[in-house]
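Chains A and B are the protein sequences, given in the same order. Sequence positions in the first sequence follow the working numbering and run 3 to 532. Sequence positions in the second sequence follow the working numbering and run 3 to 532.
If you're looking for bench data, these hints aren't it; they were derived computationally from the structure. Every value quoted in this text rests on a predicted model; they were computed, and no experiment measured them. Everything hinted at is true.
In silico lysine-lysine, DSSO-like type, Cα no more than 30 Å apart, as pairs: (1) A:Lys-232 with B:Lys-232; (2) B:Lys-526 with A:Lys-70; (3) A:Lys-386 with B:Lys-232; (4) B:Lys-386 with A:Lys-232; (5) A:Lys-526 with B:Lys-526; (6) A:Lys-324 with A:Lys-352; (7) A:Lys-21 with A:Lys-232; (8) A:Lys-512 with B:Lys-526; (9) B:Lys-324 with B:Lys-386.
There are 2 protein chains.
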Amino acid sequence: MSLHGLSLLAGAHGATGGKTFHAINPATSERLAPDFHEASAAEVSAALDASAAAFAIYRTLSGADRAKFLETIATEIEALGDTLLQRAHAETGLPLPRLTGERARTCGQLRLFASVAREGSWVDARIDPALPDRQPLPRPDLRRMLIPLGPVVVFGSSNFPLAFSVAGGDTASAFAAGCTVVVKAHRAHAGTAELVGGAITRAVAACGLPGGVFSMIHGGGATVGIAMVKHPATTAVGFTGSHAAGRALFDAAASRPHPIPVFAEMSSLNPVFLMPAAMSTRGAAIAQGLLTSFTLGVGQFCTKPGLIFTLRGPDTDAFLAKLSELVRTAPSATMLTGSICDAFSERREKITSVPGVTLLAAGAHAANPAKTEGQPSVAITSVKHFLAHPVLATEAFGPFTLVIMADTLAEFAACAAALEGQLTATVQADPADHADARPLLAALEQRAGRVLLNGFPTGVEVCHAMNHGGPYPATTDVRYTSVGTAAMLRFARPVCYQSIPDALLPDAVKNANPLGLVRLVEGKPSRDSA
Amino acid sequence: MSLHGLSLLAGAHGATGGKTFHAINPATSERLAPDFHEASAAEVSAALDASAAAFAIYRTLSGADRAKFLETIATEIEALGDTLLQRAHAETGLPLPRLTGERARTCGQLRLFASVAREGSWVDARIDPALPDRQPLPRPDLRRMLIPLGPVVVFGSSNFPLAFSVAGGDTASAFAAGCTVVVKAHRAHAGTAELVGGAITRAVAACGLPGGVFSMIHGGGATVGIAMVKHPATTAVGFTGSHAAGRALFDAAASRPHPIPVFAEMSSLNPVFLMPAAMSTRGAAIAQGLLTSFTLGVGQFCTKPGLIFTLRGPDTDAFLAKLSELVRTAPSATMLTGSICDAFSERREKITSVPGVTLLAAGAHAANPAKTEGQPSVAITSVKHFLAHPVLATEAFGPFTLVIMADTLAEFAACAAALEGQLTATVQADPADHADARPLLAALEQRAGRVLLNGFPTGVEVCHAMNHGGPYPATTDVRYTSVGTAAMLRFARPVCYQSIPDALLPDAVKNANPLGLVRLVEGKPSRDSA
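Using the sequences provided together with the hints, build the complete structure.
So this is what it looks like as structure tokens:
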């Protein structure tokens, strides 16, 4: 399958003629064919105009029809077979087994959102029937439900070339909610993006939908990206990436004449607190678990544990010895891109050069720059230095973690209180620790979107109860998750129908409840007719 | 009951010494005692610090305890008796029967939110139990629920001195969600604010809560208000008022190092479309309904119908004759403040001086400036002029409405498409109009938070199915309502608990479901144990 290198504009190909760029195989530093052509400002605008026109139709589809569309995308992605995996492997350096798993996650995610769209109760239908005889004033018939926002702009993320890119969680949840989508493809895996974009384009056609339901734009960072955010037709933005880029999109959206929401998932240190009884009974296992977690995907997960708080003492000494031993045996491995690799090295250098910070251990084999490798390492410092140097609480995106030595549980509390917003926070605790863990967990839920007892933060389940979000700067909107079925709520808004006759109402709020939804009738959940 | 004129800071009185201001009786232009003392920057900061400290305790209260607090506030407000009504009447010029009704609405609202907090299912608990044997990877136990955001800043609004001010919908929904509140009192009814603030302060004490649960600040516009929005402890803002002020708060919040949501309900024209069959059968009744609606509360409702679209023809001629006759008999009446009255006159002048706009009718009795009166009036123009002059689609906050004459239903559609975001949109239609009304309603739900068939937009029911919100500039966040029980969702965020033992979980997500909530277990709603 040869790649054309063009943007996908409402079912057609974008033009050549502008600037071009190309992908690089990070494992070999080789340039990959073809050249990709950046979209023009006119193409960006046309894609969003087409998205708005298609939205008028797509938003009226039943949940069942949206579900069929999502399932067709999954089938089309699977039909790409090894071509997709090979290209993603070449562009990202991620191993084929990981990419095979990520493809399964991507398609499973599309089908899960399809099931929620088909079932339909997610629209939170509420009915308060008319009370014509109420005193002093009658109550009119009032019915409320969620409806889709409008065209959504999605920025593909570098670290999940399938599951959080062109057909990833943002796109799937927007389609499921009834929104049309314009994706800004990530430059580092533009070929993977083209393949997946083609799969979506075929699904659009197979389902008889207007082409504008989906477009995908190639382009150069801020100029194209900011233009997409600023376009009047854009109603929301999904993004996963760096704090600097996420904040730039947020600021652009907030300064529009008509501001729109930006769901940017940005940076997180994912602190882990090690309680004494747990360390006494299973310090070595915790060391092994932490190593696996902070080096998984070469440390390029938003949930990588980057801060480890522990209490001084013999159990921690043994833990540190074990962790050091494990880190020394951990291989250097290819990172996603040269710039991510360079940024990782710089940030790690910045952190380890802070007075009071010592490198505890590093992988025995140095990183090979020709293979864009990152070398696993762990550093150590004290609570005093951690609290004095905010740079120690910034994210080094890669296989690095920082151990912070505390003298007391009160110091744990002080560190928890000093943390910025996080996607996750973890406490390793045995039953004997629970009394002390309780106030710590209570403090951490104020700082994080997900709180774990034992286990490790990497591995984000796609399900109903997941929350992948958190206070700023973990995300720009603490009220929403970007993973799991609740992610659809980002792309919907309520509308209330007052005194509208049954025949003119959407099925979700009709008297007879033809969709069989759970609805709030007079404030009580029910599948009954109203 | 004498008024002290001081801010209420976590149960204590603010200091004197800064600038002072006073309320004015708009019906007499007389200065009302006492002087009110503006809070200092240090007092603003202390109030929010106290709010943050109290939040750590208040957020742990059970729904039942929050409910008791809200009900105690209602009882304390009722105990103020005629003192409250008399002061509100003196400060706002609103008639006593209206204020009596508004007090009932305010206390009913507090009790409705109490009932939702007590029942508890609003936290949207979701449980996906562990699947330890799942292949290829086990699933951990995951439980998600909404928790309160943190300290909320509420700006009292001028036009609802009780129902959307100190103990109004924003405050009630924030308390119900588990947030603490700092109110910026509206200067025009500072005495009413002091009385209600005192009632809340007594409820805080009666319920044994920390004083920081509630503070109320007097102060001068931007300096105090922006400082409240910018304070690091503030996590959300509720506001009802002008577009300029709402946007200033939004911009201040978006430019914080850690941005926070602003729920500003700002401006709305509430268009009404008159379909031909309805005009043929009941044009006179529609004229009467519109007069009542656009002059209710001297036109000072955010849902006042300010644009009326109708088709040229004999039925509309008769309608206009009737509307003119009714407007001429409508009395001038006292508006809330001199500045609102002046702004109304200026804006009406600006609109009626646009070429192609004609004054159709005005109340027979001129407005008396000494009584701060607004004079009802109606103007008329054509679709062509309406679409050519955006100023015609700006809000004149007061008893004025603009009729727009169309030649075709296609012009209705063009006008609907040109509208900015609205709180409401109404279609007057008889069954014979329904086929034509359907696409119009579909277009209007893209522009408005509430869509009505027949009826009139004023009168916002406080219930589960209400949506009082809409696309910008109606509000700054189309995803939320400021009226009705869903308003609580503004002040909450999800958190996910992973592998937390039952004993350490909040009751809402414990296995046994001790609160008896409706929860989403494995994606299915249920009151069962997990």
